[in-house]
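Peer 1: Here are the chains, one letter per residue:
Protein chains: 4
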Amino acid sequence: MSESHPHKTRTSVYEVAINFGDCDPAGIVFFPNFSKWMDAASLNYFVQCGIPVWRELVKTHGIVGTPLLEINTKFIKTATYGETIHIDTTITEWRAKTFTQRHIVRRGETVLCEGTEVRAFCMKDPDNADRIRAMPVPEFIKAACALSE
Amino acid sequence: MSESHPHKTRTSVYEVAINFGDCDPAGIVFFPNFSKWMDAASLNYFVQCGIPVWRELVKTHGIVGTPLLEINTKFIKTATYGETIHIDTTITEWRAKTFTQRHIVRRGETVLCEGTEVRAFCMKDPDNADRIRAMPVPEFIKAACALSE
Amino acid sequence: MSESHPHKTRTSVYEVAINFGDCDPAGIVFFPNFSKWMDAASLNYFVQCGIPVWRELVKTHGIVGTPLLEINTKFIKTATYGETIHIDTTITEWRAKTFTQRHIVRRGETVLCEGTEVRAFCMKDPDNADRIRAMPVPEFIKAACALSE
Amino acid sequence: MSESHPHKTRTSVYEVAINFGDCDPAGIVFFPNFSKWMDAASLNYFVQCGIPVWRELVKTHGIVGTPLLEINTKFIKTATYGETIHIDTTITEWRAKTFTQRHIVRRGETVLCEGTEVRAFCMKDPDNADRIRAMPVPEFIKAACALSE
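Here the protein sequences line up with chains A, B, C and D, keeping their order. Under the numbering used here, think of the first position of the first sequence as 1, with each following residue one higher. Under the numbering used here, think of the first position of the second sequence as 1, with each following residue one higher. Under the numbering used here, think of the first position of the third sequence as 1, with each following residue one higher. Under the numbering used here, think of the first position of the fourth sequence as 1, with each following residue one higher.
These are calculated hints, taken from the structure and not from any lab test.
Any copy will do: because identical chains look the same in the list, a pair fits if it lies in one copy or spans two.
Below, computed lysine-lysine pairings styled on DSSO-like, alpha-carbon distance capped at 27 Å: (1) 124 x 59; (2) 77 x 142; (3) 97 x 59; (4) 8 x 97; (5) 142 x 59.
With the hints as constraints, model all of the structure from the sequences given.
Peer 2: Shown next, in the form of structure tokens:
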């Protein structure tokens with residue numbers, strides 16, 4: 001991996017066909033649906049990188065998922081039902097126990113919204129099965145997401 | 001209104017009983033539901049200030065709602081079904097065509113997440129009924145939200 | 001228990017405040033939300049009868065929930081945001097491994113929709129943790145739901 | 001059209017990729033999502049038959065949508081995230097002001113659930129813009145859905 005792009009990661013594309021029920025009385029997408037679709041794009045990213053879904057990873061690595069610590073989203077244009085949109089997802093930063101994922105939601109070339117998510121890989125708390133706790137980002141996951149040179 | 005609190009606004013409290021279906025396979029609230037509940041708290045804020053719902057305002061003032069321009073949310077603790085939570089909402093800034101609403105989501109005194117929303121009052125675009133456009137924040141709305149001295 | 005009411009059960013009332021985001025571009029409640037609220041009313045029914053939520057019952061009795069086998073719903077009148085509605089829930093029949101729950105959704109005295117759900121108490125499949133299977137309706141649950149004479 | 005199949009209609013196929021957030025704490029699809037997907041399949045059916053979405057039809061024909069009068073759904077097998085499912089949709093009966101749509105939800109050849117929906121084409125009530133009312137099923141819609149011989 002080149003020094004100039006020390007943490008360059010892959011990009012995935014996730015497609016969403018907007019439904020009638022995704023829209024509100026103003027006739028536009030009810031905004032939390034964009035968060036829901038970014039969440040789907042987040043998991044899809046890892047699947048596209050060849051990582052099994054959480055249901056499998058919990059058995060092999062104890063990983064239950066990647067809960068959110070923070071989201072920042074800008075809504076630029078509205079969308080409505082009958083339209084198909086795409087979400088371009090990448091990872092912009094790996095830290096010890098967290099990472100930042102970036103999503104660009106677009107209809108063709110028109111950007112509808114942009115969001116960043118800070119997430120942590122989590123496991124069941126060994127002291128309390130009802131709780132979860134952050135764990136270091138597994139190396140095999142970073143490797144799977146790296147852009148091959 | 002006193003000079004020392006030039007834009008002081010009311011605070012509303014919105015209650016949510018968390019349901020089984022609001023939670024994900026990790027057993028915790030699926031995070032976009034927090035965004036959904038903040039949206040409900042946002043409209044509830046105006047209703048608590050004595051402002052009619054959008055369905056009525058569209059007839060009297062052409063206002064179709066307050067779409068989001070930006071959200072920033074920090075997720076601090078998880079929550080699960082069977083719990084009741086509260087959202088404290090206030091307006092922290094009025095600008096010419098936008099305003100910032102702040103939500104503190106808590107279970108008792110424990111803060112679960114904090115979010116700010118930048119929103120704009122919008123009307124149907126007179127040139128295209130399928131589109132909406134931002135309008136200056138109506139003075140009667142600012143007055144209704146002001147904390148009485 | 002009297003012979004004339006051999007399976008008489010309690011009735012619970014569940015309240016829902018309809019939100020903007022629960023409604024669709026026609027301005028009315030997006031109908032799957034009625035199913036979602038009936039599901040919440042279903043769990044609320046057992047909680048009102050003094051039964052712990054599934055998260056606790058899975059530890060003490062292995063019960064993971066009451067998945068649906070069948071629903072039948074009639075939609076009579078529409079509802080919209082800003083309205084508060086109530087759901088009256090009761091159990092109309094206990095069978096060996098299933099039971100029927102009935103929900104009346106009303107706005108004041110006006111019935112909006114009526115639904116029956118056939119559900120089964122389920123446990124994790126001991127042979128495959130990814131699957132669940134129906135179990136006989138536990139006697140302590142039937143007793144908790146019975147109308148005291 | 002042949003006499004032996006007096007009301008034979010087309011069949012459409014709708015694809016759904018199940019997301020993490022579509023599943024509940026039992027790890028399976030939260031059942032109202034099946035209703036939501038059948039609703040999407042219902043509109044998709046008409047679009048596949050060449051009929052414009054409601055947003056356009058309201059301008060040309062005053063049609064705001066096809067609200068539900070009744071649903072009957074049988075849940076046969078569960079599904080979970082990471083799986084892709086398909087919904088086969090057809091119209092089994094046209095009546096004066098209502099019609100019945102049938103949906104088979106399957107994962108490959110395995111049927112997960114089956115549902116029928118009774119719906120009505122609706123227009124804004126000319127006497128009250130906040131209400132909608134059923135209208136006769138438009139002939140051009142029946143023609144568009146007919147299976148060509």
